[in-house]
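Participant: These are the residues of each chain, in order.
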Amino acid sequence: MTEGTLQIDHISKRYGTRTVLDEVTFDVRAGELFGFVGSNGAGKTTTMRIALGVLRADSGEVRFDGRPITHETRTHIGYMPEERGLYPKMKVLEQLVYLAELHGLSANDAHRSAENWIARLGLAQRRDDEVQKLSLGNQQRVQLAAALVHDPSVLVLDEPFSGLDPLAVDVMSEVLREKASTGVPVVFSSHQLDLVERLCDRVGIIRSGQMVATGSVGDLTARAGSKLVVTAPAAPPGWTAGLPGVQVLETHGATTVLGLTSGSDDQTVLAAALATGPVTEFSRRRRSLTELFRDAVAEKPVGQGATT
Amino acid sequence: MKTITSRRAVWLVTKRELNTRLRTRSFVVGTAVMLVLLVGYLLLQMSLASTSGKSTVGLTGQATGIAEQLRTAGTQSGQQIETVTIAGPAEGRAKVDNGDIDALLSGTAADLTVLSKSELDSKLLLVLNGISRQEVLNAQLSEAGLDPAQVARTVSAAHVTTETIKPADAESGQRQVLALVIGMLLYIGLITYGTLVAQGVVEEKSSRVVEILLSTVRPWQLLLGKVIGLGLVGLTQLAILGGVGLVAASLTGVLTISGVAVSALLWGLLWFLLGFFLYATIYGALGSLVSRQEDTQAVVGPVNIVLILAFVAGFSLVGQSPDGSVTKIVSLIPLMSPILMPARIATGSAAGWEIGLSVLLTLATIAAVTWIGGRIYQNSVLRIGSRIKLADALRG
Chain A
0 MTEGTLQIDH ISKRYGTRTV LDEVTFDVRA GELFGFVGSN GAGKTTTMRI
50 ALGVLRADSG EVRFDGRPIT HETRTHIGYM PEERGLYPKM KVLEQLVYLA
100 ELHGLSANDA HRSAENWIAR LGLAQRRDDE VQKLSLGNQQ RVQLAAALVH
150 DPSVLVLDEP FSGLDPLAVD VMSEVLREKA STGVPVVFSS HQLDLVERLC
200 DRVGIIRSGQ MVATGSVGDL TARAGSKLVV TAPAAPPGWT AGLPGVQVLE
250 THGATTVLGL TSGSDDQTVL AAALATGPVT EFSRRRRSLT ELFRDAVAEK
300 PVGQGATT
Chain B
0 MKTITSRRAV WLVTKRELNT RLRTRSFVVG TAVMLVLLVG YLLLQMSLAS
50 TSGKSTVGLT GQATGIAEQL RTAGTQSGQQ IETVTIAGPA EGRAKVDNGD
100 IDALLSGTAA DLTVLSKSEL DSKLLLVLNG ISRQEVLNAQ LSEAGLDPAQ
150 VARTVSAAHV TTETIKPADA ESGQRQVLAL VIGMLLYIGL ITYGTLVAQG
200 VVEEKSSRVV EILLSTVRPW QLLLGKVIGL GLVGLTQLAI LGGVGLVAAS
250 LTGVLTISGV AVSALLWGLL WFLLGFFLYA TIYGALGSLV SRQEDTQAVV
300 GPVNIVLILA FVAGFSLVGQ SPDGSVTKIV SLIPLMSPIL MPARIATGSA
350 AGWEIGLSVL LTLATIAAVT WIGGRIYQNS VLRIGSRIKL ADALRG
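Sequence lines, in order, name chains A and B. Take 0 as the starting number for the first sequence in numbering that gives the first Met the number 0 and just add one per residue. Take 0 as the starting number for the second sequence in numbering that gives the first Met the number 0 and just add one per residue.
The set of hints was computed from the structure by calculation and includes no laboratory data. Worth double-checking, as some hints may not be accurate.
[Unchecked claim] Taking lysine to any residue pairs in the SDA-like style, the calculated list, with each CA pair at most 25 angstroms apart, reads:
(1) A/LYS226 - A/VAL256
(2) B/LYS94 - B/LEU124
(3) A/LYS132 - B/ARG207
(4) A/LYS132 - B/VAL27
(5) A/LYS90 - B/GLY29
If we strip away everything but chain A, and leave its shape as in the complex, we get (with noise of 0.2 angstroms):
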């Protein structure tokens, strides 16, 4: 199922004796929201350039409905680099109906979409002032603008939420959900993993140029297992021993937090915990992305290869 699919397969590229990607692979379906995390350093702009054909890979292809990325498909990407890329002495709506015009627009449409987009993110007031006195947050909404004003089939952003604030972080993620759900792919990269974890139908994660997780968030936090967390006040010391897969991980008086490998079973950690008295609490706390980003990024891969 390759239909409006955005897929990077084993791009690699060195620098020298420097392999800054190697092999990195992973799609972005119609419709989906990717989050793309890493280390700074580990390779993710560098990925989004090849992508945008700014940048050659030394191997490896880029695809788009099936099709290797050409001139023309570029046309159609929408995309937000991590610094500035805009004029900065070009005034908003001018600098948003020439990038639209060149990505193939009318002069009439242009300006249509521009003005849709200034008023969408409340750049209204904005818009004949030139891009530099623009405060950082309004220069971020006017590059998310010129990302989308040419109504894009496939969005690439870098950073997109840095240095936003919450209002701000709220309406670029109402913006990014809605393109998504007109079938576009979306792919951004952030450092906010709690905003990914939330936001994101899929992620990637990479370390010094290798992916090293993809797939759904609940996918990679149920393969890396799960705690729970048991308060029994009637229960000894060690209640756990004899329980397969179940290890504690600390303890808090009564509340037992246990470390569960995938494929136990936690009702029998239940039953185990009853058998000693009345239970107050119970319950699964699946591990976070942060967490889970944390122990990729740290030590051994978590569920390398995975597409699904």
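Since chain A is already given, all that's left is putting chain B on it; use the hints.
Facilitator: Just chain B now, kept in the frame of chain A:
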């Protein structure tokens, strides 16, 4: 899916350059300042022309008798001499000192004494010597029994018959000035707008807007659009300066050969286009090697030096001998032609075949430079970071 044609892409880039440059205050102010300078220069020329050859001479004592004679002799030698009668030597000396009069004459016609502030104007001295000698000659002739008037008539009937290989152009002085002004305007235009191309390229690189642009237009379309746009802006400015300068010069009477001047200006505009296409690609390609505006000057420096050389060579060669063989050869060198050739055309010394040859050579060089420059630009415009070595940019 809609994609954009090459022509539309180039036109959009060109239009943006025109819009952002023509409407800026710096363009309007810059043009106005240059106009003021140009017109000021012309007015200065005019006032120098009207005061030169005009002198006021004070006469005192017996010398007052030669006032009429002095004015006539002045007119004959092309100078305007005004005479005033001064009561006494002391008053005259004071007037010479404070500049009211240029010279004070005293003594008899045959034995004149002239007092001037510092150096006496050589032409005036010649006239005064003439009057004095004539006076002495007349006295001698009368003594020898001859009629001075009769002798004067016979003497003035004799004159040398002149023959020339190439008749001097009465307009050569004006043509010379025209050539220098056109050469200067072209030099300023090429160096200013060439640098603007480089700065524009660096601006797009440093703001990363080039990454967005190049996801939809090709590098050559972006560079070509920029070159055409800035070229048109430069051409507009040059046409305004040239046109207004021409009208002002004709109205003030500094320029009496408006026909020649108009054609020289048109040639100048053509050569601006040729020169701009030649240099702009080089400036653009060099600009693409750096990512910060501060580094621009360092990379375009060598090109600026070539232009300065062309300008200096043009000034001295065309100024001294517009049809000398060195001038002819240098004006055919493509990088020099855009400044030297229009200057030579203005002096009227360029033969048709020379103009044709230099246009052909320049066009050929433009083709070569565009190819190399386009390659450098394409290879380096997306490589943001430290300065890229020229060899690396060429290799790609």
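Participant: All hints, please: hold or fail.
Facilitator: Verification of the hints:
1. About 7 angstroms separates the Cα atoms of A/LYS226 and A/VAL256, which keeps this hinted pair within 25 angstroms; it holds.
2. Note on B/LYS94 and B/LEU124: the hinted pairing holds, with a Cα-Cα distance of about 19 angstroms set against a maximum of 25 angstroms.
3. A C-alpha spacing of about 18 angstroms is found between A/LYS132 and B/ARG207, which places the hinted pair at or below 25 angstroms, so the restraint holds.
4. Taken as a hint, the A/LYS132 and B/VAL27 pair is honoured in the structure, with Cα atoms around 23 angstroms apart against an allowance of 25 angstroms.
5. Of the pairs offered as hints, the one joining A/LYS90 and B/GLY29 holds, with about 22 angstroms between alpha carbons and a cut-off of 25 angstroms not exceeded.
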